[in-house]
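Peer 1: Throw the hints in and build the complete structure from the sequences for me.
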Amino acid sequence: MKIPKQAYTTEFKELAVKRVKDGQSISTVIKELGLGDQTLRNWVKASAEGKLKGAGGKVVTPEEMELSRLRVENLRLKRENEILKKATAYFARDVL
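In the working numbering, the protein residues as written are 1 to 96.
Worth flagging that the hints you see were computed from the coordinates, not collected in a lab.
Accuracy of the hints is not assured; some may be wrong.
Claimed, not checked - No more than 27 Å apart at the CA atoms, straight line, and that leaves these computed lysine-lysine pairs for DSS-like:
hint	residue 1	residue 2
1	K85	K53
2	K18	K86
3	K18	K45
4	K18	K53
5	K51	K18
6	K31	K78
7	K51	K21
8	K51	K78
9	K18	K31
10	K21	K31
11	K45	K31
12	K21	K45
13	K86	K45
14	K78	K53
Claimed, not checked - Ranges of calculated distance between the beta carbons of each label pair, as one might list FRET restraints:
hint	residue 1	residue 2	range
15	R71	S27	41 to 51 Å
16	A46	R93	20 to 30 Å
17	S25	T61	20 to 30 Å
18	F91	K53	50 to 60 Å
19	K51	K31	18 to 28 Å
20	G36	K78	18 to 28 Å
21	A89	L15	19 to 29 Å
22	A48	E82	16 to 26 Å
23	G23	A89	36 to 46 Å
24	N74	Q38	17 to 27 Å
25	R76	Q38	14 to 24 Å
26	E82	K45	27 to 37 Å
Positions of the beta carbon are idealized from the N, C-alpha and C atoms, including for glycine.
Peer 2: Here it is, written out as structure tokens:
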């Protein structure tokens with residue numbers, strides 16, 4: 001399942017970059033915010049060059065950031081659940 005392309009505001013990008021600059025690993029921030037693999041790296045590079053720009057008008061609140069993180073976690077848990085269901089069915093077939 002591919003996540004549709006999203007438009008992120010400058011504030012959202014700056015908050016994500018700030019988390020990396022404050023010491024969190026890029027992979028952790030990517031997972032928590034549900035970003036693409038290269039997206040955050042591009043933002044960090046653009047921020048260092050002073051070229052970080054956003055999509056526009058909407059300010060992203062901490063609640064919206066948390067909602068985004070929870071949606072990604074929910075999607076990951078659903079995928080894990082599907083894998084477990086398939087594994088259970090596979091091993092149940094071997095027992096009979």
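Peer 1: Which of the numbered hints above does this structure break?
Peer 2: 1, 2, 8, 13, 14, 15, 16, 21 and 22
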